[in-house]
Amino acid sequence: MNTIRNQFSSLHQLREKAPVFLAVLFGITIYASACNLWVPEESIFYVSTYTITLLGKYLCYALLALAVDVVWGYCGILSLGHGAFFALGGYAMGMYLMRQIGDRGVYGDPLLPDFMVFLNWQELPWFWHGFDQFWVAMLAMLLVPGLLAFVFGWLAFRSRVAGVYLSIMTQALTYALMLSFFRNEMGFGGNNGLTDFKDLLGFNLQSDSVRVALFLCSALVLALAYCLSLLIMSSRFGRVVIGIRDAEDRARFIGFKAESYKVSLFVYSALLAAVAGALYVPQVGIINPGEFSPLNSIEVVVWVAVGGRGTLYGAIVGALLVNYAKTRFTAVFPDAWLFALGALFVSVTIFLPQGLMGLFRGKRLFRGKRLPWFKRRKNAGETG
Amino acid sequence: MTMLENVKRTVQRYQTWPLSSGEKQPAIDISHQVLLYVEGLSVSFDGFKALNDLNLYINDGELRCLIGANGAGKTTLMDVITGKTHPDSGAVYFGQTIDLLGKTEAQIAQLGIGRKFQKPTVFEEQTVFANLELAMKANKGIVSTLLARLSPSELDWIAEVLDTIGLKADYKMLAGALSHGQKQWLEIGMLLMADPRLMLVDEPVAGMTAQETERTAELLTSLAGERTVVVVEHDMEFVRSIAKTVTVLHQGSVLAEGSMSDVQNDPAVIEVYLGEEQ
Chain A
218 MNTIRNQFSS LHQLREKAPV FLAVLFGITI YASACNLWVP EESIFYVSTY
268 TITLLGKYLC YALLALAVDV VWGYCGILSL GHGAFFALGG YAMGMYLMRQ
318 IGDRGVYGDP LLPDFMVFLN WQELPWFWHG FDQFWVAMLA MLLVPGLLAF
368 VFGWLAFRSR VAGVYLSIMT QALTYALMLS FFRNEMGFGG NNGLTDFKDL
418 LGFNLQSDSV RVALFLCSAL VLALAYCLSL LIMSSRFGRV VIGIRDAEDR
468 ARFIGFKAES YKVSLFVYSA LLAAVAGALY VPQVGIINPG EFSPLNSIEV
518 VVWVAVGGRG TLYGAIVGAL LVNYAKTRFT AVFPDAWLFA LGALFVSVTI
568 FLPQGLMGLF RGKRLFRGKR LPWFKRRKNA GETG
Chain B
45 MTMLENVKRT VQRYQTWPLS SGEKQPAIDI SHQVLLYVEG LSVSFDGFKA
95 LNDLNLYIND GELRCLIGAN GAGKTTLMDV ITGKTHPDSG AVYFGQTIDL
145 LGKTEAQIAQ LGIGRKFQKP TVFEEQTVFA NLELAMKANK GIVSTLLARL
195 SPSELDWIAE VLDTIGLKAD YKMLAGALSH GQKQWLEIGM LLMADPRLML
245 VDEPVAGMTA QETERTAELL TSLAGERTVV VVEHDMEFVR SIAKTVTVLH
295 QGSVLAEGSM SDVQNDPAVI EVYLGEEQ
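Respectively, the protein sequence lines represent chains A and B. If you count by the numbering used here, then the first sequence holds residues 218 to 601, one letter each, in order. If you count by the numbering used here, then the second sequence holds residues 45 to 322, one letter each, in order.
Only chain A is shown next, with the shape it has when bound in the complex (with noise of 0.2 angstroms):
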């Protein structure tokens, strides 16, 4: 039975699980970092800026893909509209990053950023207050998405929309704010969004070390909250969460509170979401309203669906993956890649319901089991 406590004591589960993740992360993470700064530009070893800001970018996104990892896949809630929650972050670091420019924006304004100048605006409007601290703009990349996803999220699970409702209410969500930040009077910047940044806590952001230094920070932050969400997800809340989305109703008649569980569950995703977007502005240098595109969502959900969901280092993985493939090729057809993203998805639902993953863990799929096509098509071969 001693076993058996282990297996249900979190803190063990994190001893378990958590080193070679954490060691294949920063083993790959310092390498990279190590050979951009001190490795010679004309050695073969050498690692370019370039690449290194690509790979910080990647670990925002596998960030991301562990946020809608830890609704979906434990509590089969399908976020199609995280990335709202993420651009949300962006959003409040690239304020940050705007009034960090001071007066060397084009205007040479001392106080308003370049495009308020443009529109001819005369004073700072109110929400960017604050924003010239740091801590200021932390703390509202925090509470802003928090805040929305926790309205949201208590309206919708407290009505107890499920499903696919709840998937198209999320799209919708992240629609209309696309729609609202692409207006000039919005104040964000409009179309254009906000960039041009120039330095982080006064730190120029073009250097070389900084580069290097944000791909660092990437890598402990998601280290971190693989570390928290694993803690989470095998202590009793975790499988409190597993049993809501297997039966619900089960859950609810023996005392649990459905839809606080799905609240904070659901507030704890966003929250991480956002800190992937903060994350991610100062290291691709501009944040528009096109983050808030549905298109984008879907394809956080494309690629916890190829890692594998329920896992958490599934998502990462998958993230990781189907962004280099990206990355490759849009280099070669940038036009058929979103052909290539919807046949990943079709064929990965069907052959590899359990993702990438699956294949490691599920015996399942080739044991006993039947691929849901031949069984299907097997089935028609009966009736008809």
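In short, the hints are calculated from the structure, not lab data. Errors might be hidden in some of the hints.
What the hints assert, rightly or not - Using C-beta positions, here's what the derived DEER-type ranges look like:
(1) B/Pro196 to A/Leu396: 54 to 62 angstroms
(2) A/Arg377 to B/Leu191: 25 to 33 angstroms
(3) A/Trp343 to B/Ala135: 52 to 60 angstroms
(4) A/Ser426 to B/Asp200: 53 to 61 angstroms
(5) A/Cys444 to B/Asn114: 46 to 54 angstroms
(6) B/Gln162 to A/Arg232: 38 to 46 angstroms
Glycine included, C-beta positions come from ideal geometry on N, C-alpha and C.
Take the given structure of chain A and dock chain B to it, following the hints.
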């Protein structure tokens, strides 16, 4: 008889073990010996009257069987008591003072009303052990489940229930891999873990072998007295073997109530329900 003793021992242990108590629950006032009052209950779905002015009183410690044809309103009645369905009119009281209408499923469960569904409903993707752990009477709030750790006494308790429901060897198995009868038992085990005052058991022996049915009958009769059990069942042989009082529902209201032999000889009952069998 070993099993019966086992159950009795388990039941006794429930009361002495120091378990983390959940939210403070109001005391259940049973000064009139009645644990559950259902009065004038009506529920209709799109004009169809599932329950029609139904009155039912369940005494504390009683084992009551509800029978009735399909559509007589048995499951709807359980849905109303457990907070899943809201009635059009009527009153449901737990003890003298606690009004169950307007409470959520989770609140009602925490008051001490446990339910076994008609179709065995367990957490299929989790182990037998985890199923029992989740059902265990404990604080069901978010923070406490985040920080919960299994204490040795809780482990013993789960082990004992595993023994009672005959799944000790399979505790590591995923619940979804159990046979239909085993799932039924697991669900009964989950009810035991919740330590409810009132157990609503919907078709407990569906899909069970004769031997398993017998063990279930033993278990349910041994539970009555300590706690109150309401059983809905179609298997008349099973009802005969456990019931002292039987309530016959027909078209959403009570048709007859009494001992099994009284009910069987009631002309109205023979006409609408048992008559079809004979």
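Hint check:
no.: 1; hint: B/Pro196 to A/Leu396: 54 to 62 angstroms; verdict: holds, 58 angstroms
no.: 2; hint: A/Arg377 to B/Leu191: 25 to 33 angstroms; verdict: holds, 28 angstroms
no.: 3; hint: A/Trp343 to B/Ala135: 52 to 60 angstroms; verdict: holds, 53 angstroms
no.: 4; hint: A/Ser426 to B/Asp200: 53 to 61 angstroms; verdict: holds, 58 angstroms
no.: 5; hint: A/Cys444 to B/Asn114: 46 to 54 angstroms; verdict: holds, 52 angstroms
no.: 6; hint: B/Gln162 to A/Arg232: 38 to 46 angstroms; verdict: holds, 43 angstroms
Comparing the model with each earlier hint shows no violations; every hint is respected.
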